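Chains A, B, C and D, in that order, are what the protein sequence lines are. Take the first sequence: its position 3, counting from 1, is numbered 3 in full-length UniProt numbering, and each next residue is one higher. Take the second sequence: its position 61, counting from 1, is numbered 61 in full-length UniProt numbering, and each next residue is one higher. Take the third sequence: its position 97, counting from 1, is numbered 97 in full-length UniProt numbering, and each next residue is one higher. Take the fourth sequence: its position 297, counting from 1, is numbered 297 in full-length UniProt numbering, and each next residue is one higher.
These are computed hints drawn from the structure, not numbers from a lab. Bear in mind that the values here come from a model prediction, so they are computed numbers and not experimental data. There is no bait here: all hints are sound.
Here are the simulated EDC-like cross-link-like pairs (lysine to aspartate or glutamate), alpha carbons at most 20 Å apart as the crow flies:
| hint | chain 1 | residue 1 | chain 2 | residue 2 |
| --- | --- | --- | --- | --- |
| 1 | B | Lys301 | C | Asp228 |
| 2 | D | Lys301 | A | Glu171 |
| 3 | C | Lys301 | B | Asp228 |
| 4 | C | Lys301 | B | Glu171 |
| 5 | B | Lys301 | C | Glu171 |
| 6 | A | Lys301 | D | Asp168 |
| 7 | C | Lys301 | B | Asp168 |
| 8 | A | Lys301 | D | Glu171 |
| 9 | B | Lys301 | C | Asp168 |
| 10 | B | Lys3 | B | Glu28 |
| 11 | D | Lys301 | A | Asp228 |
| 12 | D | Lys301 | A | Asp168 |
| 13 | A | Lys301 | D | Asp228 |
4 protein chains.
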Amino acid sequence: MIKVAIVGGTGYTGVELLRLLVQHPQVELAVITSRGEAGRPVSDLFPSLSGRLDLAFREVDVRALATCDVVFFATPNGVAMQQVPTLLDAGARVIDLAADFRLRDPAVWERWYGMPHACPQFLEEAVYGLPELNRERIAGARLIANPGCYPTAVTLGLLPLLEAGLVDPGELVADCKSGVSGAGRHARADLSFCETNENFKAYGVFAHRHQPEIVQNLGTVTTGAALDLTFVPHLLPLNRGIHATLYARLHAGAATDLQALYESRYRDEPFVRVLSAGSHPQLSEVRAGNDCAIAVHVSGKRVVVLSVIDNLVKGAAGQAIQNMNLMFGLDETLGLRQPALAP
Amino acid sequence: MIKVAIVGGTGYTGVELLRLLVQHPQVELAVITSRGEAGRPVSDLFPSLSGRLDLAFREVDVRALATCDVVFFATPNGVAMQQVPTLLDAGARVIDLAADFRLRDPAVWERWYGMPHACPQFLEEAVYGLPELNRERIAGARLIANPGCYPTAVTLGLLPLLEAGLVDPGELVADCKSGVSGAGRHARADLSFCETNENFKAYGVFAHRHQPEIVQNLGTVTTGAALDLTFVPHLLPLNRGIHATLYARLHAGAATDLQALYESRYRDEPFVRVLSAGSHPQLSEVRAGNDCAIAVHVSGKRVVVLSVIDNLVKGAAGQAIQNMNLMFGLDETLGLRQPALAP
Amino acid sequence: MIKVAIVGGTGYTGVELLRLLVQHPQVELAVITSRGEAGRPVSDLFPSLSGRLDLAFREVDVRALATCDVVFFATPNGVAMQQVPTLLDAGARVIDLAADFRLRDPAVWERWYGMPHACPQFLEEAVYGLPELNRERIAGARLIANPGCYPTAVTLGLLPLLEAGLVDPGELVADCKSGVSGAGRHARADLSFCETNENFKAYGVFAHRHQPEIVQNLGTVTTGAALDLTFVPHLLPLNRGIHATLYARLHAGAATDLQALYESRYRDEPFVRVLSAGSHPQLSEVRAGNDCAIAVHVSGKRVVVLSVIDNLVKGAAGQAIQNMNLMFGLDETLGLRQPALAP
Amino acid sequence: MIKVAIVGGTGYTGVELLRLLVQHPQVELAVITSRGEAGRPVSDLFPSLSGRLDLAFREVDVRALATCDVVFFATPNGVAMQQVPTLLDAGARVIDLAADFRLRDPAVWERWYGMPHACPQFLEEAVYGLPELNRERIAGARLIANPGCYPTAVTLGLLPLLEAGLVDPGELVADCKSGVSGAGRHARADLSFCETNENFKAYGVFAHRHQPEIVQNLGTVTTGAALDLTFVPHLLPLNRGIHATLYARLHAGAATDLQALYESRYRDEPFVRVLSAGSHPQLSEVRAGNDCAIAVHVSGKRVVVLSVIDNLVKGAAGQAIQNMNLMFGLDETLGLRQPALAP
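Looking at chain A on its own, in the form it has when it is part of the complex:
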């Protein structure tokens, strides 16, 4: 059994980790911390876990964390980096679901996240936890930077095109739509029901922190011209799900059997599903599951790729567990085979 701790278990990412980990056959949930809720039974805050989990939130205690095999950080940005050096020293492995270790360049990180990085020396060691890109390195890692939700959907959607060098990397558009849980569990007027329901809007045009993360991911497989990706996120009036609509231009003379390319690229991936030609994936087919469903459309030089995930599963907690499985030599799909919930 893998002894697991979760730091910061009171947000949506935290409760989703709990939902999935209580179903995982090789996990023993040992510690769940929360500064604000210490002492309170977890199922009191999250009645959805009643009868399924008999633990209470605790104060953060690094010694207790250090006795665990793996520590998940489901905290705001800037928390994990304070504790990672100590935990790694003590022999624990760390999976950070926030952004502290996602960008390799400390200067870029500090510019986008607006604070100094507490342990830039670990940015090099940290492995970006997208199994479809870094499976082998994940298996040997002590420290995982779990990908952002938008970057997961966008990277998986564009990866085959850029790896194959088929499209102009200077002309990419990622129009992304996220359910409200992606904004976290907060008391914010602009996230209140009446402001969000029956409503839709873009936000953070040219200013969202997932932009450099996507560019970094795609940059690792891009050759030739510089990457230029326009990324616009939007807020969908629903709880869960990300839909990325991706636009690219084929190079002159590029072969266009993109359907075969995608099917081949993802043939052995347990959680990426390439739909048949002409399909339109929908959020409901990945809701509460760890799948990414992708469809690719071509017309002349124009390519449109549609990529959907559940932001809390493949976009956060599920992918974190997939990474844990790889790190501990387990079947990558363990605890993650539940079908999507429809309707």
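Using the hints provided, position chains B, C and D relative to the given structure of chain A.
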């Protein structure tokens, strides 16, 4: 033209008053106050009013208010009662959309609202602004207690039965469901989208402040046994609307042509619509309109009445304007004839 | 392994059975039938099952069904009763998720369902599959009438009160609200998104077929006065969940520690959770799970019980699997321990 | 008073026309036709109009229509073109809310709409009813092709850029999201509540009929390189609204004070609102109103324009009435000044 002030225009009741008043042909909107937003253009906070209203929020200034013909209070409970004496003295009329003047007995008011009443001497003078019950008194009033949203739907639904003395007043049930706007415009975690969407729950069982208001309303027309009404409110995952499902028992031997009774009772009411026998009114047929739609069902001794309103219109701002029309001798329906919005 | 067939797998109850059964460790899904979709891969109709289930729909073939250990009917009313005699003869067990075997009196059944019953001789043998009421008989049954969704929520909510003889059985009200999936998977204008979203209404007042089923259930534990229950269902704008708000009157002199009564009654029930006093259960705490969460409120002689389930799980497919577990001597909770999905 | 007929008044466009026309001070609603609902009171089908409109649906009778000043067609594609010649001959004017007269080239029309055109000789005369583009021609027109909902939002969003020749017309992307009412009022399984709610998907990639309409609109103001616009529509889980996210590339050396450009272009437009720099328009600020709200964002060579409308108002019925006002010499805003509905 009626010169109008609104105190506390930043909540959902406030913006709904504005939406309706800018369409009212006899109203001049003179003053809108907000402590927190003073100086800010109203259409900046409420872009739905852009191009339709060129006013900015102001600090509360009783002298400015006193120059208006009528002052609407769209404030939390306990605010209007601080200013009513001064305003009435100055010759303004007041319509309070909060609860300060809804209960006639100061002791009952203080028990339910948990504070001393600032001007109990006005509770007697204040007229409860349900035109279907108090039309004539409203026309002569200086001070209107605009009804609560639940009490409006429940009172209109049960009134004919109790006036006619047909049902046992000791066995009433009001199972009510409200859209989220009824809870106001707040940054509250429990009203955030993800907590409310795809969700439904009761709240405040046996403890909601609209209970004594309903009992007071129905008590004015009840004879015989004491009123005993069980009231349970619930939170619906939608923006607007109240649906009251009302249960009563016919007295032994009571005549049962309730359809005719309801049609006759409301024949001349411009905003109460009795549906044909066997109907089920739905929220969409009153959304954004000032109507109350009612259907009555009977089986043996059991009566079920279904009553729906838009909580922000007939349950708040629309009814307040209906009261204003009556107070100023205008056609009662002026500015309130817009059809409901469907879909 | 239990060899399982599902007849009529194309509705929401069907896909929910599939979602749960593919996660059940003792089940082999052998046959799924559909007249309209025969030959089509199940995951083509239900992409939420892609990669989780590799079966195609087949024509109904009683011989193939008869080779299975248990046949679930997720069909419209009137289908199971055509095939039950043959299947039982062949040694298969049957769980009917429709209403064919729910009412014991054939005359009552025929009046409410508007057709002759094809095998009334089995109504006596059929066991009503509410484990909290009939656990032992279910374990020995060949034929299970799986309860309706409303009757499950209402019966579990009122059972302790009536068993203990504390309330007047002639004064019961069940005000129930259901998500839209309860109406099935259909192309109906009145169930289209724009007609249902941002809307709410009652339907079938005094005319819903779950009324006699509830009365039959409660009648088995009621003594003294005749049962008189007013049942009003409503349609909620959400996918899953039933909320029952139940009203009763305590007998004069009845003890009122109802909290202790409920806790004691359901202490050993794996899927019924009695919330602490003063609580309000919400749909999100049972979404996609097999739990029923109940809270009881008392004020004077008035009792309000709040009872919530997921209509597709405890109200249909989950309860059917719970019954299967009992019939085959398995741990009753096998395959049904997933936590609820929140948000 | 303008005597108005509506052909095909039973869809969402029809009821929206009715909602707005009953509030129009210069309109007399004379005839509403429906083959399927002839004889039925309009308010029976649309209870939202109860008490506001006392008309019944009639069979289509061209002679009755011909006595009206203007006939609105709120019919499926292919209906208006059957009757337009007769009506124009009789002296009536026609506003077609379907697509029969939107494309000038009959061959293009027939390819996209899959049927022969019944009166191609009128395609030349028909005026495309986008007042911001064709105000003067609309004023003199007998026959208006009322724009599609997506083309309205996209054209208004891109018009200033293309008129000014600032962007590469060969690199345009229009990622559009529409509420469900845009799909019409139908009994379709894929538009049922449970299939649409909590869901989101693209549809009709490279195959939507609004693509050639947008290209035709923009083509009239484009010089230089050929237009190449990738258009992807998506289905939002809400009733009303279109959000267009538009992507373009500035020409090398193009001036970039796009904010000033947009403000100048739309300064005198009563229904186009250019938001301040950095804004993100949301659907709720145009819900039920006739406004288009636009924001423009620039970063380097990349431009993102956000454009929102209510698909049933500015995208259909409201714009049709705006056209009617222009055709009859009225104030263009008459009957269309209601603020948006929020929340």
